[in-house]
Amino acid sequence: MSTHTEAVSHHGEHHGPPTANHSSRVDARTLGMLLFIGSEIMLFGSFFAAYFFVRVVNPGAPAEWPPPPYEFPVFVAGVNTCILVTSSFTMHWALQSIKRGQRTGFLAGMVLTFLMGLAFLCTQVIEYLNVGFNTGDGAFASVFFGLTGLHGAHVAIGLSLLLMVIIRGFRGHYSPEHHHGVELPGIYWHFVDVMWIVVYSTVYLI
Amino acid sequence: MESPFRSEAAAFRFLLITIGAFALIVLAAWASTALGFLTFLGLSAAAVAVYLRQRGPAPERERVEPLSGPGERRILVVANETVEGEELLSTISTLALSHNARFLVVSPALNSRLKTFTSDEDPARETAQKRLDDTLERLSSVGIDAHGEVGDGDPLVAIDDAVRTFRPDEIVISTHPLGRSNWLERGIVESVRARYDVDVTHVVVDLSAREGA
Chain V
166 MSTHTEAVSH
176 HGEHHGPPTA
186 NHSSRVDART
196 LGMLLFIGSE
206 IMLFGSFFAA
216 YFFVRVVNPG
226 APAEWPPPPY
236 EFPVFVAGVN
246 TCILVTSSFT
256 MHWALQSIKR
266 GQRTGFLAGM
276 VLTFLMGLAF
286 LCTQVIEYLN
296 VGFNTGDGAF
306 ASVFFGLTGL
316 HGAHVAIGLS
326 LLLMVIIRGF
336 RGHYSPEHHH
346 GVELPGIYWH
356 FVDVMWIVVY
366 STVYLI
Chain C
632 MESPFRSEAA
642 AFRFLLITIG
652 AFALIVLAAW
662 ASTALGFLTF
672 LGLSAAAVAV
682 YLRQRGPAPE
692 RERVEPLSGP
702 GERRILVVAN
712 ETVEGEELLS
722 TISTLALSHN
732 ARFLVVSPAL
742 NSRLKTFTSD
752 EDPARETAQK
762 RLDDTLERLS
772 SVGIDAHGEV
782 GDGDPLVAID
792 DAVRTFRPDE
802 IVISTHPLGR
812 SNWLERGIVE
822 SVRARYDVDV
832 THVVVDLSAR
842 EGA
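Top line first, the protein sequences correspond to chains V and C.
First residue of the first sequence? That's 166 in this note's numbering, and the numbers climb one at a time after it.
First residue of the second sequence? That's 632 in this note's numbering, and the numbers climb one at a time after it.
Take these hints with a grain of salt, some might be off.
Said to hold, decoys possible - Examples of chain C residues lying across from chain V (beta carbon under 10 angstroms, computed):
#1 S634
#2 S638
#3 A665
#4 G667
#5 L669
#6 L672
Hints are computed from structural coordinates only; laboratory data are not their basis.
What you are looking at is a predicted structure, and each value in this text was computed from that prediction instead of being measured.
In this text, a Cβ means the ideal position worked out from N, Cα and C, and glycines have one as well.
Could you build all of it, start to finish, from the sequences and the hints given here?
Here it is, written out as structure tokens:
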């Protein structure tokens, strides 16, 4: 009696490790992006924990948000939100275009996405310069700059990825069969947008 | 379960859902902070429920190229708690008599979800190994030559592993009766039939009837 795996030896049999199972057929690059986004969620989660502590749990939490006399530029940030959300649509359009072999649509979508992301980041910098308070003006200001700054850093990283895709795109890379290099920055870009929706809703609107 | 960020299209769809959900939360919070919080909780619970209930696309049906030689039949037997059941042993004996059969018995190391997450699988593997050893010994005593292995805790993964290496002509799956079988509840037999183009025999072993007798 033996309790080892069936050892097969006659002609035509499979040698070496078996083909991967259904359960392990996750593309390594996609898995890497998922793990990265998981770590990002934890990072943002720690900042949100600080935000909710300052605003809700802290015994000295301000009755109004932001505490008077400060105000958040809700309208400007709202316009910025529209720009960022629109950039997700153009990103999606770009990927759908390359999947269909439409290079013009792909390149136009990528360039528009990049420009809108850049506009978002520049507007945020201008917002910081004119917001009327700084990190030394209280815990609310620290969490405001912490959360929006953390998100801004992610937008900057996303822009770097988009720029690489654009450069490669203009050099003739990517095709309907090979567009994974567009897909992954696309996932990241949508994730950045999702996080901004959460940040904008909780910090500016509620 | 599928990740909302498994692809760009899925991430884009998730973004649209997030926009809708947070629009509702903000509107509710403007009406009342408590209502906003309740809306957030309700939507979060709904999202978790939908996420847990969704199923990924079914894998494509696979053609299994059997390794069996002329006149030979390779039979993969998958069972755990029912591995020593009379019904299963009777089925194996019948198959052994009617074919020049080679058997591979796989006993999945069934474990609780918590223990799986914490990698506490040694006891489950030991239990499965003991059952397997007893079964092989019993088969050997009646002249049936069978090999065996302890498989993954997920029966579908265990079957996948065994199909890759053993490439059977037939798969025999032994379960408890309907109503007491977790495998039947999960549709394991149907999944295996849908996944592989080999004969699948389902054997029901009623251990409680044997204990009651």
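*Which numbered hints are broken by the structure, listed smallest first?*
Of the numbered hints, 3, 5 and 6 do not hold.
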